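Colleague: Protein chains in written order, with this note's numbering: chain A, 1 to 494; chain B, 1 to 485.
The set of hints was computed from the structure by calculation and includes no laboratory data. Remember, it's a predicted structure, so these values are computed and weren't measured experimentally. All C-beta atoms, glycine included, are put in the ideal place defined by N, C-alpha and C. There may be inaccurate statements among the hints.
Covered, in the sense of this in silico footprint (three residues per stretch, anywhere, with C-beta under 8 Å from a C-beta of chain A), are these stretches of chain B [stated by the list, open to error]:
hint: 1; region: 29-41
hint: 2; region: 97-105
For lysine to aspartate or glutamate, the following DMTMM-like pairs were computed, each having C-alpha atoms within a straight-line distance of at most 25 Å [as the list claims (entries may be wrong)]:
hint: 3; chain 1: B; residue 1: LYS38; chain 2: A; residue 2: ASP231
hint: 4; chain 1: B; residue 1: LYS74; chain 2: A; residue 2: ASP72
hint: 5; chain 1: A; residue 1: LYS74; chain 2: B; residue 2: GLU128
hint: 6; chain 1: B; residue 1: LYS74; chain 2: A; residue 2: ASP321
hint: 7; chain 1: B; residue 1: LYS41; chain 2: A; residue 2: ASP336
hint: 8; chain 1: B; residue 1: LYS41; chain 2: A; residue 2: ASP321
hint: 9; chain 1: B; residue 1: LYS74; chain 2: A; residue 2: ASP231
hint: 10; chain 1: B; residue 1: LYS3; chain 2: A; residue 2: ASP231
hint: 11; chain 1: B; residue 1: LYS41; chain 2: A; residue 2: ASP368
hint: 12; chain 1: B; residue 1: LYS41; chain 2: A; residue 2: ASP127
hint: 13; chain 1: B; residue 1: LYS41; chain 2: A; residue 2: ASP325
hint: 14; chain 1: B; residue 1: LYS38; chain 2: A; residue 2: GLU340
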Amino acid sequence: MSTFDLSSDANNRSDGRQAGGVPADRASSRRRGNTTISPQGTPNRRNTELALLAFAVVLPVLAYANVGLAMDDKLPTGMLGYGLGMGALALIAHLLMRKFAPYADPLMLPIATLLNGLGLVMIWRLDKAGPLLHKNFAAAPNQLMWSGLGIALFIVVMVFLKDHRVLQRYTYISMAVALVLLAAPAFFPARKEDFGAKIWIRMGAFSIQPGEFAKIILTVFFAGYLMVKRDALALASRRFMGLYLPRGRDLGPIIVIWLLSLLILVFENDLGSSFLYFGLFVVMLYVATERTSWIIFGLLMSVGGAVAVASTTSHVKTRIDAWLDPMAAFAPKPPDGATEQIGQSLMALGSGGVTGSGLGQGRSWLIDFAAKSDFILGSFGEELGLTGMMAIFMLYALLIQRGLRTAIAARDPFGKLFAVGLSSAMALQVFVVAGGVTGLIPLTGMTMPFLAQGGSSVVANWALVAILLKISDSARRPGVEPAPATELQGGAAA
Amino acid sequence: MNKPIRRVSIFCLVLILALMVRTNWVQGVQAEAWATNKNNKRQVYDRYAHPRGNIIVDGQPVTQSAFVNGLRYKYKRSWVDGPMYAPVTGYSSQAFGASQLEQLEDGILSGSDDRLFFRNTLDMLTGEPKKGGDVVTTINAKAQKAAFEGLGNKKGAVVALDPRTGAILSLVSTPSYDPGVFAGNEPADSKAWTDLNADPNKPMLNRALRETYPPGSTFKLVTAAAAFENGLYQNIDDTTDTPDPYILPGTKTELKNESEFEKCANATLKSGMDQSCNTVYGKLGADLGKDKMRAQAEKFGFNSTVDTPIRSEKSVFPTGSTPDGTALDSIGQHDTRATPLQMAMVSAAIANNGSLMQPYLVQQERSASLTAISQHSEKQFSQPISPATAAKLQEMMVSVVENGTGKNARIPGLTVGGKTGTAQHGEDNAGLPFAWFTSYAKTADGRSVAVAVVVEDGSNNRDGISGGRLAAPIAKSVMQAVLGK
Chain A
1 MSTFDLSSDA NNRSDGRQAG GVPADRASSR RRGNTTISPQ GTPNRRNTEL ALLAFAVVLP
61 VLAYANVGLA MDDKLPTGML GYGLGMGALA LIAHLLMRKF APYADPLMLP IATLLNGLGL
121 VMIWRLDKAG PLLHKNFAAA PNQLMWSGLG IALFIVVMVF LKDHRVLQRY TYISMAVALV
181 LLAAPAFFPA RKEDFGAKIW IRMGAFSIQP GEFAKIILTV FFAGYLMVKR DALALASRRF
241 MGLYLPRGRD LGPIIVIWLL SLLILVFEND LGSSFLYFGL FVVMLYVATE RTSWIIFGLL
301 MSVGGAVAVA STTSHVKTRI DAWLDPMAAF APKPPDGATE QIGQSLMALG SGGVTGSGLG
361 QGRSWLIDFA AKSDFILGSF GEELGLTGMM AIFMLYALLI QRGLRTAIAA RDPFGKLFAV
421 GLSSAMALQV FVVAGGVTGL IPLTGMTMPF LAQGGSSVVA NWALVAILLK ISDSARRPGV
481 EPAPATELQG GAAA
Chain B
1 MNKPIRRVSI FCLVLILALM VRTNWVQGVQ AEAWATNKNN KRQVYDRYAH PRGNIIVDGQ
61 PVTQSAFVNG LRYKYKRSWV DGPMYAPVTG YSSQAFGASQ LEQLEDGILS GSDDRLFFRN
121 TLDMLTGEPK KGGDVVTTIN AKAQKAAFEG LGNKKGAVVA LDPRTGAILS LVSTPSYDPG
181 VFAGNEPADS KAWTDLNADP NKPMLNRALR ETYPPGSTFK LVTAAAAFEN GLYQNIDDTT
241 DTPDPYILPG TKTELKNESE FEKCANATLK SGMDQSCNTV YGKLGADLGK DKMRAQAEKF
301 GFNSTVDTPI RSEKSVFPTG STPDGTALDS IGQHDTRATP LQMAMVSAAI ANNGSLMQPY
361 LVQQERSASL TAISQHSEKQ FSQPISPATA AKLQEMMVSV VENGTGKNAR IPGLTVGGKT
421 GTAQHGEDNA GLPFAWFTSY AKTADGRSVA VAVVVEDGSN NRDGISGGRL AAPIAKSVMQ
481 AVLGK
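Bound conformation, chain A alone:
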């Protein structure tokens, strides 16, 4: 079986295979060739997007006003400019989408805008805590600039990425770039205040976190490679102890790349990213091969890896200890390397309770220097309460599910894999960060997509959403007819 056979219509064939047991699906697959979308006659929903976008701009502006009133008893002076700026950027993005991605999903841009806007408000609010926050610096203007750059990159992707499938060509270049990006921070000295993690490239006052970009670029590689090798991986395998093990020449290269990135991350003490890349890899392998055994395999390996890393690195051990006993750092003689942050975060969440203290009226600066970055969710939890947290989680759930829906709707296997990869990367990242902040899992130190302070993160996530929207646009675009039914069956026969 050659790779040529698998390239273009693998998607349709797989749908046919899946639909086999379900008569209704089979019927619709005959009609459309795809069970999950019906492009013809579907409204493009751009007006819905515009309305949601207006809401996504107005809400943070009101939140901004709320903070000003709560903290200074007056409306913030920059409110109008901020609102107009946000509105203008969102409007430009929207208008360009009307031209360049008219059939794209209508929810993603508003959700990203809303999250980014709320994040900005919270960062500005924590800036105002001023000298109370340890090593405080005004981050909101920077974040605003990075958000602007992020939206600019979003627009660039919108305009210049004509078809997401071109990225397929860069499969191996992506691999190389991702590895370089991941490895680069190892050559820059770690600072004490970075809490052991070496995940930044610094040039003077300027620093980027290449891991955020590598996330997208590595997904390009995984998607490109797996698309080509998926059948070889799925079918040309030997059964061993109930598991289907693929041939080494198919699996080998990807395992090597993946292990390499994990090793780099472990070396750089970037646990969150390690977990993210691991999960991303397993999910994409599973989706590409449709073999459940990969999940079992992945789980076994992750448990093994986790135990191995936890028992060898003191850094990890410290974090697990802090997770098991978040209040240990408050003891008269705290253990080495203990941090108050998780305990502070839990106290912030608890103090917020169900309805929260109100924007600008909490004291989440007690979480200390990470209040605006890793722990911004703790700040939200205190000031917006459980109610606000649920809303934020819902926004992420929606964003992720729209991405996965795009994957289902995508017509090409590369697009499917790419969309699955990007969406599940976002899901894993949200889980790892929020899980750490709420004490569900040990803290690993990543940024909450869009919400948290951090230039690389904001820019990379805007790019991620732009790519998802492009895939979504091509999936929902009625102009491209699905492959005719005869060809579909021919493909299956081959």
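Chain A is already provided as a structure; the job is to place chain B on it using the hints.
Modeller: Just chain B now, with coordinates in the frame of chain A:
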């Protein structure tokens, strides 16, 4: 590939769901525990985020809440006449927590009390700034001042009670401290706190409630009460069968009196009280036995804490003494210990015809809008002695002031009864004795006050110390202040 994608999306939903469940757990179920965790600094910031209510004495606040608009704390507590009122108010410090009324009434003062919930909600809706409620004390400003100035730079304590109600009219402990010097959270506050804690004179000790002293001869009132209550003697003029010196039962140790000129051999109860004969009351206690003595002492409040609401230390009458020990216990030496409040309660019970009222310090709690939230209702602590016994003891106490060791407490126009005490203490009684005076005064129209005074190390030599000389004048000025003579 759609089937695995659907499964992946379910997996992603499960991840988000796990976060939601966890957040509900932390912010819903555990919220209160995290919010009130002792390491959660929000509680102390909240306490100083709005003006704190005041502690009121005679209609005037003795506390203030100044708007300092600090970065973390918006308000800072300060006190009017801090050292004088410190044993009543306690402190409320941003850095070092709170004590006494500031701590016990924190709910009202900070406005977080559940009983203020309705008021607070209303204020929140109408946009009124939050403000704590007030605590109205029973303290009489003039009596407090008289006691504080009477003690001056001596070490000691004064407690004055209204015998009919139990209201605490004055509560003074010296040397004292100004709670305002460490109310903030600055280096200067830390230094003041450290210095006060390191001070060998223990200025932050509330001697009126928290320090127990050997009560010395003032305890003879309790012994006399036990004698009448148990029928050992009927009248104050009954002569006792007491040798001088008295050999402590079961030993060869002689119990002597302070002075050889005292006529204590076979003295009457009254005369023994007037001259404060150790032999008479030591033998009396030994004759009654430790159980009867202890039962009587406990009815007066010994061996139990008293919440005023500031908790007073337990005064002690020992349970397991040998007969010679009981003899010494009965004259307020050996293992007997009493707080100034306890001895004031003894006087108050006698003055109130045998009924001991529960001592209390808080008359009323009220909201910031002056609505009363709670009002103290008087209640009896116990009935330690019958009215007949009380009348006999009153007569003896009046006699002490008229004819005996308490002459310095005489006030023209008032019926004053008292009992002096000069308590030995220290290893082999090496320390300078404590001077005691417990007393009461009554006006013709029935108003009354009971006062206990203790002065520690009031003089440089033993001869200079006696309850009558050091403590009685202070009690006198407090009684005058209360009854207006």
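Colleague: Against each hint, give a clear statement of whether it holds in the structure.
Modeller: Evaluation of the provided hints:
no.	hint	result
1	29-41	holds (count 10)
2	97-105	violated (count 0)
3	B:LYS38 <-> A:ASP231	59 Å, violated
4	B:LYS74 <-> A:ASP72	14 Å, holds
5	A:LYS74 <-> B:GLU128	17 Å, holds
6	B:LYS74 <-> A:ASP321	36 Å, violated
7	B:LYS41 <-> A:ASP336	23 Å, holds
8	B:LYS41 <-> A:ASP321	23 Å, holds
9	B:LYS74 <-> A:ASP231	68 Å, violated
10	B:LYS3 <-> A:ASP231	16 Å, holds
11	B:LYS41 <-> A:ASP368	13 Å, holds
12	B:LYS41 <-> A:ASP127	20 Å, holds
13	B:LYS41 <-> A:ASP325	19 Å, holds
14	B:LYS38 <-> A:GLU340	14 Å, holds
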